[in-house]
Amino acid sequence: MTATCMEYVFINELKYLVAGGRVSKAGGFFGDLLDMKPIVSPTSEGVKKMGVVRSSKAQLAFAIARLGEQGSAAPTILLQYSDNEDWVAGPVRQQVQGLLPEAEILLTPLSLTSGVHMGPGTWSLAFVPRP
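Every number in our numbering is 1 more than the matching position in the sequence shown, counting from 1.
Honestly, I wouldn't trust all of these hints.
Computed beta-carbon distance windows for the label pairs [to be verified]:
id : residue 1 : residue 2 : range
1  : Pro43     : Ala20     : 16 to 22 Å
2  : Ala75     : Lys16     : 25 to 31 Å
3  : Thr77     : Asp36     : 31 to 37 Å
4  : Glu8      : Gln98     : 15 to 21 Å
5  : Ala90     : Gly28     : 30 to 36 Å
6  : Val117    : Ala75     : 31 to 37 Å
7  : Arg23     : Ala59     : 19 to 25 Å
8  : Glu8      : Trp88     : 27 to 33 Å
9  : Glu103    : Ser25     : 21 to 27 Å
10 : Glu46     : Ala20     : 20 to 26 Å
11 : Gly28     : Pro102    : 36 to 42 Å
12 : Pro132    : Leu100    : 17 to 23 Å
Straight line, CA to CA, 20 Å or less: simulated PhoX-like cross-link-like pairs of lysine-lysine [as the list claims (entries may be wrong)]:
id : residue 1 : residue 2
13 : Lys16     : Lys50
14 : Lys50     : Lys26
15 : Lys16     : Lys26
16 : Lys16     : Lys49
Simulated from the structure, these hints should not be mistaken for laboratory data.
Glycine included, each C-beta is placed from N, C-alpha and C at the ideal position.
Whole structure, please, built from the sequences with the hints as guidance.
This is the structure we're talking about:
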């Protein structure tokens with residue numbers, strides 16, 4: 002089942018990745034200046050960059066598009082939030098439920114470690130098809 006599980010992490014600001022040594026100072030400065038918001042996915046080989054968007058609205062559009070491609074009418078979906086519980090539990094969850102009304106949607110905070118390394122505004126979406 003883990004082979005079909007996907008997770009996307011939506012990062013709001015690069016300065017927290019800079020502080021943790023995961024992004025260069027120049028890359029973080031210019032990325033934040035241009036309002037670039039990376040989307041990453043943890044894999045067995047490490048973190049893979051899946052895309053970059055410029056707004057939370059575009060993050061949500063990316064997430065909905067990936068959910069639409071996953072092929073199950075009733076997947077189990079995990080939504081995780083940092084300081085943005087209202088947004089993830091509200092508009093994000095509503096759009097996910099609108100696309101997949103039979104999905105089981107779980108809502109939980111990101112781990113403290115994830116929050117420290119990725120910063121406020123970070124949220125994630127993980128899903129796995131249900132048999």
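Results for each hint:
Between proline 43 and alanine 20 the CB atoms are about 20 Å apart, so this pair conforms to the stated range of 16 to 22 Å. For alanine 75 and lysine 16, the Cβ-Cβ distance of about 39 Å falls outside the hinted range of 25 to 31 Å, so the restraint is violated. Distance hint check: the CB atoms of threonine 77 and aspartate 36 are about 32 Å apart, consistent with the given range 31 to 37 Å. In this structure, glutamate 8 and glutamine 98 meet the distance hint of 15 to 21 Å, their C-beta atoms being roughly 19 Å apart.
A hinted range of 30 to 36 Å holds for the C-beta pair alanine 90 and glycine 28, which are about 32 Å apart. Distance hint check for valine 117 and alanine 75: the Cβ-Cβ separation is about 34 Å, which falls inside the suggested range of 31 to 37 Å. Judged by the Cβ atoms, the range 19 to 25 Å given for arginine 23 and alanine 59 holds: they are separated by roughly 22 Å. Separation of glutamate 8 from tryptophan 88 is about 19 Å and departs from the stated range, judged on CB atoms against 27 to 33 Å.
Take glutamate 103 and serine 25: their Cβ atoms lie about 44 Å apart, and the range 21 to 27 Å is violated. Checking the proposed 20 to 26 Å range against glutamate 46 and alanine 20 shows it holds: the Cβ atoms sit about 24 Å from each other. As the Cβ distance of glycine 28 to proline 102 is approximately 40 Å, the hint placing it in 36 to 42 Å holds. In this structure the hint that proline 132 and leucine 100 lie 17 to 23 Å apart at CB holds, the actual value being about 20 Å.
Distance check on the hinted pair: lysine 16 and lysine 50 sit about 17 Å apart at the alpha-carbon level, within 20 Å; holds. Note on lysine 50 and lysine 26: the hinted pairing holds, with a Cα-Cα distance of about 18 Å set against a maximum of 20 Å. About 8 Å separates the Cα atoms of lysine 16 and lysine 26, which keeps this hinted pair within 20 Å; it holds. This hinted pair checks out: lysine 16 and lysine 49 have alpha carbons roughly 19 Å apart, not beyond 20 Å.
Hint compliance for this structure: hints 2, 8 and 9 are not met, and every other hint is.
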